[in-house]
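A.B. asks: The lines below spell out each chain.
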Amino acid sequence: MQFQPVIVSFLCNWCSYTGADLAGTSRMKYASNIRIIRVMCSGRIEPTFVLTAFKEGADGVLICGCHPGDCHYHEGNYKCLRRFHLLQKYIQQMGIHPDRLRLEWISASEGKQFVELADEITETISKLGPARINKYMEVAKY
Amino acid sequence: MEKKENGQKPKLKLAVYWGAACGGCCVSVLDVHESLFAVTEKADFVFWPIALDIKYNDIKAMPDGYIDVTLFNGAVRNSENEYMAKLLRDKTKILVAYGSCAHMGGIPGLANFFNKDEIFNRVYLTSETTFNPEQTMPQTEYEVTEGKLHIPVFFDDVKPLNHVVCVDYYLPGCPPKTERLVEVFMAIATGAQLPSKNSVIGARDKAQCDECDRKKTENKKINKILRPFEIVDDGETCFLEQGIICMGPATRSGCGNRCIKGNAPCRGCYGPPPDITDPGAKMMSALGTMIDSNDPIAIKEIVEDIADPAGTFYRFSLPGSILRRKIL
Numbered sequence: 029m030q031f032q033p034v035i036v037s038f039l040c041n042w043c044s045y046t047g048a049d050l051a052g053t054s055r056m057k058y059a060s061n062i063r064i065i066r067v068m069c070s071g072r073i074e075p076t077f078v079l080t081a082f083k084e085g086a087d088g089v090l091i092c093g094c095h096p097g098d099c100h101y102h103e104g105n106y107k108c109l110r111r112f113h114l115l116q117k118y119i120q121q122m123g124i125h126p127d128r129l130r131l132e133w134i135s136a137s138e139g140k141q142f143v144e145l146a147d148e149i150t151e152t153i154s155k156l157g158p159a160r161i162n163k164y165m166e167v168a169k170y
Numbered sequence: 035m036e037k038k039e040n041g042q043k044p045k046l047k048l049a050v051y052w053g054a055a056c057g058g059c060c061v062s063v064l065d066v067h068e069s070l071f072a073v074t075e076k077a078d079f080v081f082w083p084i085a086l087d088i089k090y091n092d093i094k095a096m097p098d099g100y101i102d103v104t105l106f107n108g109a110v111r112n113s114e115n116e117y118m119a120k121l122l123r124d125k126t127k128i129l130v131a132y133g134s135c136a137h138m139g140g141i142p143g144l145a146n147f148f149n150k151d152e153i154f155n156r157v158y159l160t161s162e163t164t165f166n167p168e169q170t171m172p173q174t175e176y177e178v179t180e181g182k183l184h185i186p187v188f189f190d191d192v193k194p195l196n197h198v199v200c201v202d203y204y205l206p207g208c209p210p211k212t213e214r215l216v217e218v219f220m221a222i223a224t225g226a227q228l229p230s231k232n233s234v235i236g237a238r239d240k241a242q243c244d245e246c247d248r249k250k251t252e253n254k255k256i257n258k259i260l261r262p263f264e265i266v267d268d269g270e271t272c273f274l275e276q277g278i279i280c281m282g283p284a285t286r287s288g289c290g291n292r293c294i295k296g297n298a299p300c301r302g303c304y305g306p307p308p309d310i311t312d313p314g315a316k317m318m319s320a321l322g323t324m325i326d327s328n329d330p331i332a333i334k335e336i337v338e339d340i341a342d343p344a345g346t347f348y349r350f351s352l353p354g355s356i357l358r359r360k361i362l
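Which chain is which? The protein sequence lines are B and Y, in order.
Numbered according to the numbering used here, the first sequence spans residues 29 to 170.
Numbered according to the numbering used here, the second sequence spans residues 35 to 362.
Hints are computed from structural coordinates only; laboratory data are not their basis.
Some hints could be false.
Stated by the list, open to error - Taking CB as the label site, the calculated pair distances span: (1) B:Gly85 to Y:Glu270: 45 to 51 Å; (2) B:Lys163 to Y:Asp98: 33 to 39 Å; (3) B:Gly85 to Y:Phe263: 38 to 44 Å; (4) Y:Asp98 to B:Gly52: 23 to 29 Å; (5) B:Met29 to Y:Pro167: 48 to 54 Å.
Just so it is clear, the structure is predicted and the values come from calculations on it, not from any experiment.
Every residue, glycine too, gets a C-beta built ideally from N, C-alpha and C.
When you get a sec, could you build the whole thing from the sequences and use the hints?
C.D. replies: In structure tokens:
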């Protein structure tokens with residue numbers, strides 16, 4: 029069977045989740061590899077969340093927030109952007125391919141863009157193959 | 035050793051052992067200075083390789099749970115460390131992961147950016163000062179006329195103590211502040227109520243910043259990240275506000291701001307505050323709020339100035355963090 033990646037996606041409540049919801053209510057189809065977790069703001073996404081997703085078996089992580097300037101909490105998405113750049117540098121040092129972590133801006137009206145993004149990222153990560161980070165990180169529990 | 039003098043309680047039996055460590059933790063035990071007399075009044079050292087000549091077989095001969103407290107310092111790097119960790123676990127009532135290496139992997143844990151082959155290749159073949167024309171590599175077994183010699187097996191990973199055995203308490207620090215050790219020891223010796231198992235002792239619950247005396251503003255802003263040699267520290271302003279990465283926001287207090295009082299930024303040896311598993315991720319989170327730019331390109335430039343984020347944010351905690359090693 030063809031490899032089906034698991035892509036953990038953190039979507040902000042105000043723009044991106046609504047955008048994904050629009051895709052759903054408009055009956056648009058997109059790759060089911062995207063597993064959506066709704067958060068109140070992309071600024072709420074801690075690096076710990078992303079790293080834990082990788083450790084627990086995600087092949088990719090997608091973060092979506094409001095477009096710059098549109099954040100419901102003024103600057104949550106900027107904080108997310110800065111953390112994203114820090115994380116990108118860190119995961120590359122840890123041997124994780126940079127394409128496995130993506131940050132994109134999706135507004136509440138961009139259902140179509142969300143669909144395209146979901147399909148595109150699924151294809152990219154399918155090509156990269158399984159991340160197998162969870163196997164690598166296994167330790168005995170005491 | 036078991037006899038009671040004048041009806042007193044039998045003395046505590048104390049062991050100190052080192053795994054992959056620099057020896058600083060053992061020395062920090064010696065640093066109790068005159069308090070050592072107070073300690074030896076209440077306890078006998080039954081095992082302490084840096085100070086006493088006691089063999090592994092003597093430990094093996096002890097009944098299970100014979101030792102009251104073991105301070106295990108150092109990470110688990112090879113099969114000898116692992117064997118001793120398991121042996122001491124069986125023989126000990128309270129096993130304390132003592133110091134950063136046993137707590138989260140410490141400095142030896144930075145070897146998790148490589149594996150055994152890479153390390154051996156560098157150390158025994160390619161390093162500039164190596165002269166090894168026959169390409170001799172360490173073997174774990176060697177035949178001599180007297181029989182077979184064994185040396186410990188070098189692991190691919192460095193592990194903190196809790197990846198190998200069940201740990202009762204963690205006493206962090208590189209090395210742990212000696213005063214904290216004496217406090218903990220006295221608590222055990224006097225039978226005071228100890229915190230719940232698996233918790234960090236001998237440290238406080240707040241972050242370093244909470245105890246730091248340097249001048250801080252409410253909203254820190256960083257335009258440029260500098261390495262300590264690139265700037266003359268003014269001696270009073272928060273390191274982060276000067277652009278130097280200080281692990282204070284993601285590090286537990288208890289050391290008394292040793293490094294910061296010595297005009298060096300905190301490096302994070304005390305590990306993360308309670309309920310936080312990954313200090314480096316928290317530090318990235320904190321830096322995310324401080325970087326003073328909303329422009330993707332400018333942010334990238336600022337982040338580029340951090341020469342080695344993984345090594346800086348996880349200097350003492352790589353094997354104990356979420357991504358415990360580099361994926362090779």
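A.B. asks: Please check whether methionine 29 (chain B) and proline 167 (chain Y) have a Cβ separation lying inside 48 to 54 Å.
C.D. replies: holds, 52 Å
A.B. asks: For the hint 38 to 44 Å, verify it against the beta carbon of glycine 85 (chain B) and that of phenylalanine 263 (chain Y).
C.D. replies: With Cβ atoms ~41 Å apart, the hint holds.
A.B. asks: For the hint 23 to 29 Å, verify it against the beta carbon of aspartate 98 (chain Y) and that of glycine 52 (chain B).
C.D. replies: violated, 60 Å
A.B. asks: CB of lysine 163 (chain B) to CB of aspartate 98 (chain Y), is that within 33 to 39 Å?
C.D. replies: holds, 35 Å
A.B. asks: Can the suggested window of 45 to 51 Å be confirmed for the beta-carbon pair glycine 85 (chain B) and glutamate 270 (chain Y)?
C.D. replies: holds, 47 Å
Violated hint: 4 only; the structure is consistent with all others.
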